[in-house]
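Please dock the two separately framed chains into a single complex, following the hints provided.
Now for the letters of each chain:
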Amino acid sequence: MLDKKSPAGEKRSRYSAGVMEYREMGYWQPDYEPKDTDILAVFRVTPQDGVDPIEAAAAVAGESSTATWTVVWTDRLTACEKYRAKCYRVDPVPNAPGSYFAFIAYDLDLFEPGSIANLSASIIGNVFGFKPLKALRLEDMRFPVAYVKTFQGPATGIVVERERLDKFGRPLLGATVKPKLGLSGRNYGRVVYEALKGGLDFTKDDENINSQPFMHWRDRFLYCMEAVAKAEAATGEVKGTYLNVTAATMEDMYERAEFAKDLGSVIIMIDLVVGYTAIQSMAKWARKNDTILHLHRAGHSTYTRQKSHGVSFRVIAKWMRLAGVDHIHAGTVVGKLEGDPNNVRGYYDICREDYNPVALEHGIFFDQHWASLNKLMPVASGGIHAGQMHQLIDLLGEDCVLQFGGGTIGHPMGIEAGATANRVALEAIIFARNAGRDTHAEGPQILEEAAKNCLPLRQALDTWKDVTFDYSSTDTPDFVPTATAAQ
Amino acid sequence: MRVTQGCFSFLPDLTDAQIRTQVQYCIDKGWAVNIEFTDDPHPRNTYWEMWGLPMFDVKDAAAIMLELDACRKVHGGRKYIRLSGFDSTHGWESVRISFMVGRPAEEPGFILIRNELGGQAIQYTLQARPLAGA
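Note that the protein sequences, when read in sequence, are chains X and F.
First residue of the first sequence? That's 1 in this note's numbering, and the numbers climb one at a time after it.
First residue of the second sequence? That's 488 in this note's numbering, and the numbers climb one at a time after it.
In isolation and in its complexed conformation, chain F is listed as follows (with noise of 0.2 Å):
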């Protein structure tokens, strides 16, 4: 399965070149870059692993790819990697778009539990999957 999170996941991966003019226009937004990894793609899996700072004061796309192939040097093809830009002025604060830039070579997906509670009633659990050599 394809884990569809993201702004871009719908659209073929992108290359570094594309990945640049996303990161791009988040510097010229002022936004704040992040680079983070995770093995565990649960959509409320809010804290992935910081590589890392968010980057505040870069203003070169370069400098960013350049943290972004480290980071992939380490866990490309065998975690999750996603890119974030962060607003910090008022009234948003907040992350204002959050994109894949990696991907394990083999998405396991979740399992989705049924805890049935009497009744009709369920209570869904979801759990992804491990994945391979994390």
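Okay, chain X solo, but in the shape it has when bound (with noise of 0.2 Å):
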């Protein structure tokens, strides 16, 4: 840790008018002990060449809590020492230069119970614009018990949509309807039909799917429903179909949101774009109608992708289960969409466990209790196929959404095959993997062992069995597993 120098004994001057180092006016206390009930939160800080790290970080703090850019002697008509964030910590960030790693303590009282709105408008309002400052991440952050109790959490959750579904043991299957542009809702409905009977659970609409000229959201919705019940009554399985509601204002968004409801959808899908309050709108109105709520992170990257500047997914995951979606896109490791290894384990982890220990490996700087929250469930969608089955189960675990939108669609033999050649090579994998067998290493020769009663398999194989998305991650983790955990 760098400089324990604290600004004790500064309390006369620290209220003359001017301009005082924000590591002066109390943002930075390096033997401060955070408390049970702090909001905690650790930025990685790239200072502009000449400013000092501690007062960069001490300047994080000030700019995402209580302070201005001068001395305000209205502070002291306030309990100003509690509302301060206080910056305990900097780090240098392992082999990166000029960056540093910032672990900030904020006291519960400044945020309001059940709003990320607030709580974003404090930690990534007016700082991440802060001039001294090259760049600025928001890498990690850990609720109290007290604050996440604020929250709703997912609406339906993983244990009562796998209940209402009546789909246990094994991934969800799903598929994107493409071309994502241009269908009639007659024939977009024609794709459902066909991957859903073919032996997907879910279709569902892109993120950019709404309301356009070739399919307004009213046949959309009408003909997809009739596709959802006729595979049903061809398969005697549940299935659904992510109807997104997304629209211009809440008012259209209730609209549609009723529309799908009132047809029987069983889910409704909404894009990240939408807003934070927005999402926990809809998430009330999912709890409040028994539906479940689909998020598609339309726009992350944006600000997620970089490792220098922005917000780390695994905020905006941790975010969102508070905000009460029930999936989300978390990666697919293997497939076309940037994604670690490490980090996504550490995204699937905050979505589905009970309590997060920190793992520096996997990019969890706090230990995180979720108090008996809903769990969220993952979706890896882009770019995967049915070659890649025993990767993915073994990387992703069981509870999670698998899309293959390609992978269905573009089978040769039509969409239908091509569900049905994912559902065979899903089944066989768990069977394989419940029978004993070391499906990392076998796994190929299991899935070629399933095409053997199953033509379409074959062809899937056949057709995609050489294709990988093999770049490297510009978002890795900066810690190798031996290193030692943050306090």
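Hint data in this document are derived by calculation from the structure and do not stem from the laboratory.
Check before you lean on any hint, since a few could be wrong.
Derived, one-sided and incomplete: chain F residues facing chain X with beta-carbon distance under 10 Å [as the list claims (entries may be wrong)]:
| hint | residue |
| --- | --- |
| 1 | Phe495 |
| 2 | Phe524 |
| 3 | Arg531 |
| 4 | Gly572 |
Cβ-Cβ distance ranges computed for the label pairs, FRET-style [unchecked claim]:
| hint | chain 1 | residue 1 | chain 2 | residue 2 | range |
| --- | --- | --- | --- | --- | --- |
| 5 | X | Pro113 | F | Ala550 | 36 to 42 Å |
| 6 | F | Thr502 | X | Pro94 | 38 to 44 Å |
| 7 | X | His369 | F | Gln610 | 40 to 46 Å |
Just so we're clear, the structure is a prediction, and the values are computed from it rather than from any experiment.
Think of the CB as a built atom: it goes at the ideal place given N, C-alpha and C, for glycine as much as any other residue.
Written as structure tokens, this is what we have:
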């Protein structure tokens, strides 16, 4: 840890008019012991050249809590010692000269209960544009149980979702309807029917399917629910299609959600770009109306992907579990989109566990108790196919949704065959895993065996056998497994 | 038609040796194994009839296979039979795996009833066709 010096003894001059260093104003307190009730945050701080890292870290604490650029006498009308955020630790980032991890504690009273909008306005409000910093990234947060308990959490949760769908012991299977733009409602419903009848549990609207000239939302909902009902009759299974209710206003979103419910849909969907308040509103609606709420993380890569600046996806995942969605896209590792295996493991743990211990190698900086808040189902989507089934189950476990869009609809024998290939591959790997086989090592062989009884799987394996997306990740953990834990 | 509920309905029907591997998996996880049967495979028919109580303390898959045989003697080939594993640990307290181990000789499937509500909206009702001799 850098600089143990504390600004104690500066009281007399603390409130003289003028400009004072943030570290001298009480925002740097290296001896502070975070309380169990504090909200904690760790930022990756990259100060401008010549700016002292401690001062930069103290400024982050100041600008995300009570400070302004100059001393104000009106501080003295408040219990300002309590309301000041306290930077209590600054560590150099391993192997990254010029960057520092700043650990900051915030008193619980700084935050409105149950509001992600309020939380994010504080923590990622003004401070990200602060001139003395070259770059700033919110890496992780710790929420006290008292704060967690002010949130609804996932409207349905993994356990009740499985009970409602009557599907246990294996990942759920989905596919996004493609092409994502241009299909009419009638043609769109055809894709839904074929995929669900073939063995998928879910189909999905894409993030930008809302209500366009080629397909207005009511047409889509009507044809999709015809497809869902027909597929249920053909299979005897509960089926769903994520009807995207994202719209320009809350009133529009509620109207679409109500129509989806009236038609009997078990699930609706929203995009992350609707904003935190709209997400919380829809989570309340979903709980009140017995509907599963899928969140597509549209837009997140604009601020989660680069290591130097923005907000880590692990923070977004924590906020969304509090906000109350039931599904969240959290990475595939092996697919076409960004996702370092260790970081993705951290995201999945945040979604599904009741307690996350510090795991620096997975990017988790704090112990987090979830206080029995419902579990959030992670969704793996983007550039995955049946031939990777053993890897996906090995990496991601069984409590997730695996979504094969192109990997279903692009099957040479059609959509139903593509769906069947994925379902057979999934069941074969789960069966083999449970029977004690080493699916990591024997996966390809298990799939070959299953393909002997299933021509569509044979064709899927032949079509996509060599497809991988092997690029290095931009967002990786800074610590190797031997690193010692932060306090 | 083939009802595809449960974990392994897209695989060929499981042999007894194969069922035993999954039962052992449940026992090793500490889950109670439950045998249930029904003549109504509607996907929202949650409460199938229980073949006795869930087997909470059975350590040997063979004992569960004996119970399954006994259930099959009565219902085999006429009703749907499933096995499930129940996990009582905190945060789950629910079924963790469920799969079919018996089907009627003929699966008559479902009738989809479309109740036209006016306008374009339709209310869908799914009804299981009665099983022969159930």
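Structure-based check of each hint:
1. Phe495: 5 Å, holds
2. Phe524: Cβ of Phe524/F sits 15 Å from chain X, so the hint is violated.
3. Arg531: This hint holds: Arg531/F lies near chain X, its Cβ roughly 7 Å from the closest one there, short of 10 Å.
4. Gly572: At 8 Å from the nearest chain X Cβ, Gly572/F passes the 10 Å test, so the hint holds.
5. Pro113/X / Ala550/F: 36 to 42 Å: 52 Å, violated
6. Thr502/F / Pro94/X: 38 to 44 Å: 54 Å, violated
7. His369/X / Gln610/F: 40 to 46 Å: Cβ of His369/X to Cβ of Gln610/F: about 44 Å, so the range 40 to 46 Å holds.
The structure shown violates the earlier hints numbered 2, 5 and 6.
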